[in-house]
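Peer 1: Sequence:
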Amino acid sequence: EGLLGAEGSSTVADLQAPGEGEESSGGGETLRGMDHTLTRIGYLLEPYFNQLELDLTHRSAAVVHQAGDAEDASPPLNEREVSKWQSQFIRGRLLAIIFLGPSGGTLEMRPYDTEFVEPHTVKVQSGTTVILRADTMSHSFAREGQGFAISTFFMTDVMKKRVP
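Sequential numbering from 1 applies to the sequence shown in full-length UniProt numbering.
If you're looking for bench data, these hints aren't it; they were derived computationally from the structure.
Bear in mind the structure is a predicted one, so any value in this text is a computation, not a measurement.
One thing to keep in mind: the hints can contain errors.
[To be verified] Taking lysine to aspartate or glutamate and the DMTMM-like style, the derived pairs with C-alpha atoms no more than 20 Å apart in a straight line are:
(1) K123 / E144
(2) K84 / D157
(3) K84 / D35
(4) K84 / D14
(5) K123 / D69
(6) K84 / D135
(7) K123 / E7
[Said to hold, decoys possible] Have a look at the derived ranges for each label pair, beta carbon to beta carbon:
(8) H58 / S103: 29 to 35 Å
(9) E79 / L44: 34 to 40 Å
(10) Q146 / Y112: 26 to 32 Å
(11) F116 / Q16: 41 to 47 Å
(12) G33 / T11: 18 to 24 Å
Where a beta carbon is used, it is the ideal one built from N, C-alpha and C, also for glycine.
All chains should be built: construct the whole structure from the sequences, respecting the hints.
Peer 2: Set out below in structure tokens:
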């Protein structure tokens with residue numbers, strides 16, 4: 001639920017950097033290019049961090065999402081995976097998403113602790129990039145067909161308490 005919702009992230013995979021001496025496959029080069037684009041987005045946003053009262057120090061590894069039918073039960077996570085996701089969800093302040101297509105869909109966002117507020121929806125298509133405050137709003141993606149996305153969290157080293 002912390003990524004793009006059960007449907008928007010029905011299958012996810014971490015984007016691994018190629019090891020030393022490894023050659024990348026054709027599809028991997030395109031994804032690595034998108035990963036570099038996510039890094040460049042961070043550099044472009046950096047001058048605005050103070051205005052947004054953000055102290056961001058690093059970003060997470062990129063995650064590739066495949067949108068699909070939500071499964072009833074998620075596969076169990078091991079301790080290492082739990083620790084990784086917990087760190088990203090606790091320290092993640094901005095989430096940058098590039099929708100890769102081929103089909104689009106609707107991204108729904110709603111501030112936390114506001115159940116009676118109508119969600120804000122954004123129609124997305126291949127090539128749409130969205131940057132959202134992951135620490136202040138829930139977000140989920142509903143697909144219109146087969147769709148993929150790549151995302152990263154821009155994170156802080158500081159733990160932030162949420163108001164109950």
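Peer 1: Assuming the hint says 41 to 47 Å, is it satisfied by the Cβ distance from F116 to Q16 or not?
Peer 2: holds, 42 Å
Peer 1: Given the proposed pairing of K84 with D14, does the C-alpha separation stay at or below 20 Å?
Peer 2: holds, 11 Å
Peer 1: Falls inside 18 to 24 Å, the C-beta gap from G33 to T11?
Peer 2: Cβ of G33 to Cβ of T11: about 21 Å, so the range 18 to 24 Å holds.
Peer 1: Between K84 and D35, does the CA-CA distance stay at or below 20 Å?
Peer 2: Holds. K84 to D35 sits at ~19 Å (cutoff 20 Å).
Peer 1: Take the C-alpha atoms of K123 and E7, compute the straight-line distance between them, and say whether it is at most 20 Å.
Peer 2: Answer holds: K123 to E7 is near 16 Å, not above 20 Å.
Peer 1: Given a hinted range of 29 to 35 Å, is it respected by the beta-carbon distance of H58 and S103?
Peer 2: holds, 32 Å
Peer 1: Given the hinted pair K123 and D69, is their Cα-Cα distance within 20 Å?
Peer 2: With Cα atoms ~19 Å apart, K123 and D69 stay inside 20 Å; holds.
Peer 1: In this structure, is the beta-carbon distance linking Q146 and Y112 contained in 26 to 32 Å?
Peer 2: holds, 30 Å
Peer 1: Per the hint of 34 to 40 Å, is the separation of the Cβ atoms of E79 and L44 within bounds?
Peer 2: holds, 36 Å
Peer 1: Is K84 close enough to D135, meaning Cα to Cα at most 20 Å?
Peer 2: Between K84 and D135 the Cα gap is close to 17 Å, so the pair holds against 20 Å.
Peer 1: Need the status of pair K123, E144: alpha-carbon distance at most 20 Å?
Peer 2: holds, 10 Å
Peer 1: Between the alpha carbons of K84 and D157, is the straight-line distance 20 Å or under?
Peer 2: The given pair, whose Cα atoms are some 14 Å apart, holds under the 20 Å limit.
Of the numbered hints stated above, none is contradicted by the structure.
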